[in-house]
Amino acid sequence: MGLETEPLLQAWSYFRRRKFQLCADLCSQLLEKSPGHQEPDSEFTVSQAAWSLKTRALTEMVYVDEIDIDQEGIAEMMLDENAIAQVARPGTSLKLPGTSQGGGPSPAVRPVTQSGRPVTGFVRPSTQSGRPGTMEQAIRTPRTAHTARPITSASGRYVRLGTALFEYIFHHENDVKNALDLAALATEHAQYKDWWWKVQIGKCYYRLGLYREAEKQFKSALKQQDMVDTILYLAKVYFRLDQPLTALHLFKQGLDRFPGEVTLLCGIARIYEEMNNISLAAEYYREVLKQDNTHVEAIACIGSNHFYSDQPEIALRFYRRLLQMGVYNCQLFNNLGLCCFYAQQYDMTLTSLERALSLAENEEEAADVWYNLGHVAVGIGDLNLAYQCFKLTLANNNDHAEAYNNLAVLEIRRGHVEQARALLQTASSLAPHMYEPHFNFAALSDQVGDLQRSYIAAQKSKEAFPGHVDTQQLIKQLKQHFAML
Amino acid sequence: MSLFKARDWWSTALGEKEEFDQGCLCVADVDNSGSGQDKITVGSYMGYLRIFNPHPVKPGDGMQAEDLLLEVQLRDSVLQVEVGKFVSKLCVYAVSGTLGNVEHGNQYQIKLMYEHNLQRTACNMTYGPFGGVKGRDLICIQSMDGMLMLFEQESYAFGRFLPGFLLPGPLTYSSRTDSFITVSSCQQVESYKYQVLAFATDADERQETEQQKLSSGKRLVMDWVLNIGEQALDICVVSFNQTSSVFVLGERNFFCLKDNGQIRFMKKLDCSPSCFLPYCSVSEGTINTLVGNHNNMLHVYQDVTLKWATQLPHIPVAVKVGNLQDLKGVIVTLSDSGHLQCSYLGTDPSLFQAPKVESREINYEELDREMKKLQKIIKESTKTQDILPRSEKDYDDLRITAEVSPDLDVVSQAIDSEVRAEAVPSVTVKITLQSRLAVQKTKLSICVQPPLALTHDQFIFDDIESCESKVVALSVFLKGNCPPAELEGSAVASYSTPTDLNPEGIPRVARCKFRLPLRLICFPAQPSKTANHKLTIDTNKPPVSLVNLFPDFADQSDEDQVNVLGFQFLTGSRITLLASKTSQRYRIQSEQLEDLWLITKELTFRLEEYFKKQNSKDFTCTFSGSVPLQEYFELIDRHFEVEHVLALSNSCERGAYGFTGQVIQVVMILCALSTLCLWTGADHNLALNSSLIHIILMLRLNAEKFEELLSERAIQFRAIERRLLTRFKDKTPAPLQHLDTLLEGTYRQIIALADAAEENQTNMFQAFTKLKSATQLVIMLISLWQKLSTDQVAILEATFLPLMQDTQELGWEESVDAAISHLLRTCLSKSSKEQALTLTSQLSIPKDTSRLKKHITLLCDRLAKGGRLCLSTDTNIQQTMVMPGGCTPIPESDLEERTGVQDSTTMFTSHRHLTKQKSKTDFPQGALEEAEKP
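Top to bottom, those sequences are chains L and U.
Mapping of the first sequence onto numbering that gives the first Met the number 0: position 126 corresponds to residue 125, and the numbering continues sequentially without gaps.
Mapping of the second sequence onto numbering that gives the first Met the number 0: position 377 corresponds to residue 376, and the numbering continues sequentially without gaps.
Same shape as in the complex, but just chain U (with noise of 0.2 Å):
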């Protein structure tokens, strides 16, 4: 981030495709012109050589021909170029073996000078007067293998290998202490005299073996040695008023050591470095250094101070200062890619331009006009309160029809099925996906409700050709132990079809209903005559003969089976059904309730297709059967609770031990007791549907114990883990007192816990189960009764049904309570004043069920007394429906006076609110995730 840029003052590209490093980069005097006139010399991987003397003739100024003094391509790539005082000035260095020492001529040739055959592959290399020699430069070469290679002008001296070497490190020579220093693979920064360099045993003979090599490497003994931490990417020395200091620039930080190797200052980089260069600064006693870095910035420090900071147009990977053209101080950078730049500092600000926000003329009529139009559409759709869009066309890209095999299985499918019946029957149901168009991505998933199963559920397609059908088979079977709710399916394909525009696709759905035939889940038996629960539904047509309604179920020869059919549940249980010869009624009778059902629903709805095909439109069903609620039924029910609370404190306050015994028994009490209580509730069919509900309840009731109590257990395991980390993270260990019994005993009680919470949960399965059906035996006959139409119908089903799963946080009592209140405060509502009711904020479980029995009766009586359901906004508020006397108010309705409006305190908008700033920008995305909101 820096407020300005480097002014560019003349800058090149060079080359196609060549490559360029740290050493690459020279700038000096190279011809020995004497006017103090730098040159730029820039060697490439590809074995180019050039050298460049700018003269803009304006500042910004691009290259021009004249500027290039020299170019030649060399056979070897250059790695590094130096000038020096060797003999001759330059000296060329490449990789496999060739040295060039040329010199460069007054008409700008390139002279070699000298060359040595480098037997290792070098990797880079320094000079200076090893030895204190005076007037000129030795070179030091360093190969990849980790051996220094000394060369006193035109013949090789001696070479040592370094110890302990894996990869090469920058290198640098320092002429104050006439030592080697570099930075090795084990992250320090290592000096060696020159001297030690010269006298250690020679280690270039190449019939050496490796053992000779490690001790002659042994005995190269090092100045000193400073651990850094980290890699080093460049080192130098600079030295003034006889002090010098090594700098080292490390991935990370950089580094300032004294003469002797202790660190005089260190400076942690904000983002990774890529070049530098100190150099001696005006101010007295403190050292300038260019740092450039990957995020195309150059820094100045002085020592550790930012002074400068300015923006690059590349990532530099040298940097140096020279004096061009009379201009001192120029920084000349390279790039990676071969972007040659020479440029000064300068307030040029480096704004960054933010891109325009597209903008158009403001025609403040025509914007009048759409702000209306929006104004007018937001209003619309507030008032309709329909959130989601209805979609204008009918996408039936693909179609999904699923078709149900008419006979069970030959051979039945059911698997792992937990039904306690000789066999249990599957039924096969075909699923074919038709594409009009192609499609993608086709996901097929097909769902019944539990205890209902399928063999498969899932099926993938990947692309669907136009035109083309895709058929899968699956099979249906009982799991459970229970009979289901229901007997239908759903199929659902996602699928999305792909545009131009969106190759993604747009995704889509489709799906279909099936039917599973009522064979599935029970076979016929015989009938009986007694039963506790009956239900009586008239008809305005003559009665069919039961044969013809149920041909699946009635043996032909049979006679009797006109007028009487049994069924029996795969589960056990059986139900009777009547038809009467002389008037137009069924009977269904069953010894429980909740398996009055599903007949129900299949006599209904076979009548009405019977119906359908004898061309008669106007059959309608009615159930005439009374819905009073009875203090009587109250009264068990209270009985009941109190036997039920009574049982349930009694197994907890017995713990945690044997718990899982407890519950079942009362379990079992209380099913007993709902038999009980069914077996009395005769016909009274909303009675005995709360007193499923309250099985329900207290279930849930239970587990919310049991989580209590495994959230204790869980709390001392924790402890005692404590304790036990504790004791082991010790260093003198303390005997275990027990812990560890300790530990084991909660563990096993904890998984108890976890089993009987679990046991509990099938258990509250099961009844939710039960209680569906019933509950949905309960719409049914509201709506026979009532003759409500369908779209009341779905009302109340929303009403009673909302939840496909009975969880521990959100239970169907109170979902339910709050759906009914809600229809008795709305359309219900007997005066203006029921509507003024608050609803209670939070839904938790009820403690008993007395409120939502009570509000269940008050439904009926209203629905009795004509009340209509509806949800349109409209009724919503205003309507006040002025319904006959009698009915109780809802018990809860203790709405207090309104105070009037007091003094009131202001109202405080919340604070404003300032987002925060992104972190830096180097940063890696995704590891800084913030936990809190801004």
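Here chain L stands alone, though its shape is the one from the complex (with noise of 0.2 Å):
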């Protein structure tokens, strides 16, 4: 049955489908075929066509925004010296967490990264948390499945990532050094007028590390054409270069231009979030919500703010949300058994983290819930089942610092003091960031009269959370203690 179509234009309508399997398949019959089969004159448009057609199809396989990808490797963020001022000044830098003016959360009530910054509702990529100080903390650094870097972001970690040439070289072959040269040719031929082969320039200059130079040539390009794409290209470069103060000035300069335009007003929810502003960022994340009311990301971090901040209700109405849109998965129905059991609606809690078990695509995942679980047990005071939540999650994931934490609580409680102590210690090397460990290191220490220990720890503690009020206390009676001796 069927007709037989001409197969350049199947391949056409293919591409335009986006079965691109398909498509590249029968391009490369077309020109597998010898050219005498075609009209001598015609052939070479027609070969060309099918190259073109090709590549682009092999490309869109493995495209991926390049705005969204981002990950620093460990290289660039050692040899990195775009920065500009090492010290900068509070509120103007994204690597001094805690600078803020807005008066961020503390510690004590929501959890932080690494670097000191709250978690936030969402995974994305590129923030400049955990940039250690020097290449040998950097490499010495524990790293867990969760926090392993690339060692360099040039290699070949975009995995799924001519017009249509410098595309593919740039996204299939990721030869950005050539992709350069073709951009650079083409941009000339093109008296550098053309304001797409400026934001590729750029793109590969950015990639390279040569901020600077990426941000001249956006800005030119911006100047020739307004795009969306470009912006956000150039608030990377700006972020990567620690100014997140001119990438908002960008931003809203993009939004003058245009209006209502959710991937800007996201943008500037993320910086005010990097820096700690989170009343701001949870402005601007509603009004992400009032241009597209089904932005998974804007309702997550809202969510989670709301559940942070002691509103587990509304946060659940959030969560309620995103399961109704149709997200299924592990973290959703984690994060919905939680609200349930803070805001005490216990019924719901046990189903949701039962199903979040089922739902768990890795071990990690299944480690965060058991880890979850074990906290409504410790909150229902059920601490044997909490003992044996917190030893699955360590199970499933022999990293998790808060679980080692938990149950190392739960060890002093049993009198097991010497195991509690070596799990610990466990949990502050493995997450350093973590106040708990250290102080609950010092409180035991102190305990048992091991006064130089507890105060090292005290320390320590003092130093992830200034602002904790029983480390002060601790160490004040320490120091107490140590000048009566």
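Hints in this document: simulated from the structure, not taken from any laboratory.
Since the structure is predicted, the reported quantities are computational estimates derived from the model, not experimental observations.
One or more hints might be untrue.
[To be verified] Once the Cα atoms are required to be at most 27 Å apart in a straight line, the calculated DSS-like pairs of lysine-lysine come out as: (1) U:K267 - L:K192; (2) L:K390 - U:K375; (3) L:K251 - U:K267; (4) L:K222 - U:K728; (5) U:K728 - L:K218; (6) U:K257 - L:K222; (7) L:K390 - U:K372; (8) L:K251 - U:K306; (9) U:K267 - L:K215; (10) U:K306 - L:K289; (11) U:K429 - U:K440; (12) L:K475 - L:K461; (13) L:K215 - U:K728; (14) L:K459 - L:K478; (15) U:K257 - L:K251; (16) L:K192 - U:K728; (17) U:K267 - L:K222; (18) U:K267 - L:K289; (19) L:K192 - U:K257; (20) L:K390 - U:K371; (21) U:K257 - L:K218; (22) U:K267 - L:K18; (23) U:K728 - L:K176; (24) L:K390 - U:K378; (25) L:K222 - L:K176.
Using the hints, put the two standalone chains together into the complex.
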């Protein structure tokens, strides 16, 4: 059945319908055909067209929006000289968390990441977090499955990544240098009037870590033609240069040109969140939702904000919305379960968490769910269950510092001081940024009379969370003790 | 992601295995009924043309027979269907040469009005009143090779090639500006005036040459161009209130352009769109757009604001809006595979039905019972401290046996041996794999401890059939220039046994050990009378002739050898074995302590074998030497240490240049000192052992120094590199100021340091091998001396030889120290006080060995006084062993007085833990890996 359609037309149609494999196969067939089959004068363009279509199809197969993928490799982090000021004024840098005046939440309320920034509700790439001070430190920092960074981002981690030729080289071959050469020639050919090539050069420079040059290209492109993507790229450069305020300014300018553009709004919200200014971030996320009320990131972030500001009922509504929208994964049910628990809807808590457990795709997720189940168990006073939950967490994820800490607390209650001590030490070596293990260790050492260790640990705890009252008290007490001696 | 789904009003599936694309759907009043009711016309690539007039009895109905007004099969594929004022009404346009224009009569018959045979492969078309013609529409067809062909009703008007054409893009006609708008493959939106097209040089003469084509193309001037930076899927013109806007749907954005090609607004789309349809919205000055995407969603945007999102049952390739059966604004969507649906927006929640979690009737009693059972199991298992489950069955699906040939290879297989001997012998080992079942993915690996080496160490067999056996042969020889610490090797085979449920197979392991002959590393030599180190082993049986014991070393004819036998290692050192003629004793003597081990081990082994053959069961060896600690040796140690640290610091101060030589010197001094120390050490094994320990420690400290220096140089290197890089990046190159020389110098230093570090590592390895030998000897002596059971020996071995390799991060000293102090604290503890001692929190290189030595001494002491080694849990905590007094307490036990329980501050459990949402679902997996913990 069926009529013979012209293969090139068929391939073109496949491409439009995003059946890239079929399209590429068809193009290959077309190209393999001996040229004699085609009319001599038209043959040239047909094979050219087929080539072009094939590269486009292959590129689309691996295409990832360049704006969204970004992970700084260790080498980039260490050899980065682009930061303007090593010691930035408060509120102008992303590298110094807690310098913002916006009054971020305290780590006692909301957990923080390695660099002391509150966790957000959404997995997103490239934060300037966790920048270790030196190369040596970077390499030696305990790296778990979660924190493994690529050594350098040029090492081909963008696995899923002519105009067509450029994109092919850039995305499919990941050969930035050649792509740059091509783009440079092309832009020269276009007499520097083609903004698109400038953006491409900028992208290459960005990949090569030449941020200043990238900035120049993007700016020049923006002068020629306002484009949302160009603004996003430029903001990314500023972000990498640790100039969040410039990036904010740029976004706001972009919003004047493209009012209500969701990606720009979202970018602003992300920056505010990175700068610990949660309230402004939430405001912009709301703005995002006004424009696009199905925006998952915004809903999730607002939800988690509510959760951590002790409004689990409201957070629950946001998460329920996500569920209604068809998000169906382990994380969501986990969050739902927690919200239910803190909103005292105990009947739903266990079912949600149970479901989360059944949906867990990997061991890390399962570990997180077990960890939260452990929390619930602690909350209802079933310490045996809690103990087993935390054990299971560790069985699933050996690097779960929080679980180590909580297990240690349970062990202290059981009177197993030695084990508790070992667990706390493990926890603090796995996650030096958490103050809890340090403090617990200090308190424990203080109890058994090991004042020296207690003092050291308390200092560490203070470093991680300067505002912690109990730590301060403990240090004061210890100092008194030492003074008496 | 949406809350609601599109409400199904009427839907049907068209044909089987037919393909549809963008142009295949058209909604219009085809039959001129005048009732304002639209009909749906669908064409397929297979050449079917269908017209539907859906009137469902109630919403959600399927297709009824009378809904299908017409179905015809045409000779060619239908690429695009349009309805317009072409003399007649319907135009069917097909690939490879037919353009049919047909009328559709009342009897629902299709009538061919006219057809054009096209010379070129057509791609898509547009129609409109080109040039301002009133009352009728003209057709413009774009061919695959970039020619616009214009038809005026039945007649062909003219054709023009588009300049710079590669692949066709979407095409539309804007009546306000009277121009054709397309998106070329240069990612530009281009607009051509109809006038310009009409007056450009005729490009349609078949005879023209390539050059003329190009020149004719050049004359075709664009009205305006806009670079949008991406390919377009569709283009559409909407006009209202005297203005018209051009909508372009790109692959990632959609744009709204003004008449003159400026961007009015643009919108970045989250996921790949598949089709769109702009239409005038109710509110003033805005335009609504329907955008379908590849996530089965249909979004309704008012300008850039998302107004509605709805779930569709398929990916739409075309979307239209029509008035069907008095229902205005029905959304008609067509999928790739021919699913045609008419739907309307409603608040029917697209409730995602989460699959039910498997639940069973809860029987509380049963649950309680099960819970109790499980709790019991957990309790049991925590008591025994056994984490690994023991296999209940003995799986020997695969048996592995190793056979060492009794004789050395005639032609030695040794390659690349570093031993400085005339001939390095090798011995063949035959390994047989015998499988009972069919097994898969079998890999055999054989290992021996370096400095021994193998000619082959890995064999891969894919599948072994049941009852099949495989034999491999390989040779073992001595590679490194020091005697090995043990003469055992092991062969391990990993394989998997497939089962019905698990075709991948369950991975299993089989292993066996083999013993290598002593002849591999030593040969008979003249016995020597004098030696520094002597060991005496007592037995409870009459002495055996050495000729019988060591037939492979003794010359049968030589009478002397009944009592005395000499061995020489390939590496040079000599050992002499003496058997007493009268008493039941054997003496082993040598210049170096560690060399004694292999021979002693061999002797006891052979003795046991010998007596086993004789069927006497109660044969035992004993060792009655004393292991006292004498301050004298401590003095030597201290002296030695001071010397060493001095030498080391001297060499380090001199920096990196010529460091290699220094280190070697240090090592030489060290070795000299240690031999000195060994020499004076005579029979007192422990002290000697400790000096060996000392050497290793020093080497490790060396290594640490090296590492520091290396990192220092590396930092310097990077700093220089950075400076150079900034120089090179500068637009105006500055002079290098000898930075390159500095770079090279630093590079040389790094290389030299790395070489030195490597050398150090080799030395360390050798020293460690020696230490292993000596330690094994000590273990053996202790066990013989105290007549320890095999369990206890195993514990002792685990204590003293925890590591296969000595590394910088975790070394032998600290791990042994930790193990010994654990033993001292638990099963060998003297009082409950000692049990309370805490371990040092971290294992790090100790500053000196005195602590370790003290602990070892203490261990021997306690063992001598009747301490028993056992590790069961009960003894772990409760048991207090009352030892006879006289033992010194562990030195650093300065446990502070426990302060009474203080006013304890609260223990914080860690914060609760909210995991994050995964990123957008359409993200390719693996592209985003969060680097932080949730």
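How the hints compare with the structure:
| no. | hint | in the structure |
| --- | --- | --- |
| 1 | U:K267 - L:K192 | holds (24 Å) |
| 2 | L:K390 - U:K375 | holds (16 Å) |
| 3 | L:K251 - U:K267 | holds (17 Å) |
| 4 | L:K222 - U:K728 | holds (25 Å) |
| 5 | U:K728 - L:K218 | holds (20 Å) |
| 6 | U:K257 - L:K222 | holds (19 Å) |
| 7 | L:K390 - U:K372 | holds (19 Å) |
| 8 | L:K251 - U:K306 | holds (23 Å) |
| 9 | U:K267 - L:K215 | holds (23 Å) |
| 10 | U:K306 - L:K289 | holds (10 Å) |
| 11 | U:K429 - U:K440 | holds (21 Å) |
| 12 | L:K475 - L:K461 | holds (12 Å) |
| 13 | L:K215 - U:K728 | holds (15 Å) |
| 14 | L:K459 - L:K478 | holds (15 Å) |
| 15 | U:K257 - L:K251 | holds (24 Å) |
| 16 | L:K192 - U:K728 | holds (25 Å) |
| 17 | U:K267 - L:K222 | holds (20 Å) |
| 18 | U:K267 - L:K289 | holds (16 Å) |
| 19 | L:K192 - U:K257 | holds (21 Å) |
| 20 | L:K390 - U:K371 | holds (19 Å) |
| 21 | U:K257 - L:K218 | holds (24 Å) |
| 22 | U:K267 - L:K18 | holds (22 Å) |
| 23 | U:K728 - L:K176 | holds (16 Å) |
| 24 | L:K390 - U:K378 | holds (13 Å) |
| 25 | L:K222 - L:K176 | holds (25 Å) |
The structure agrees with every numbered hint stated previously.
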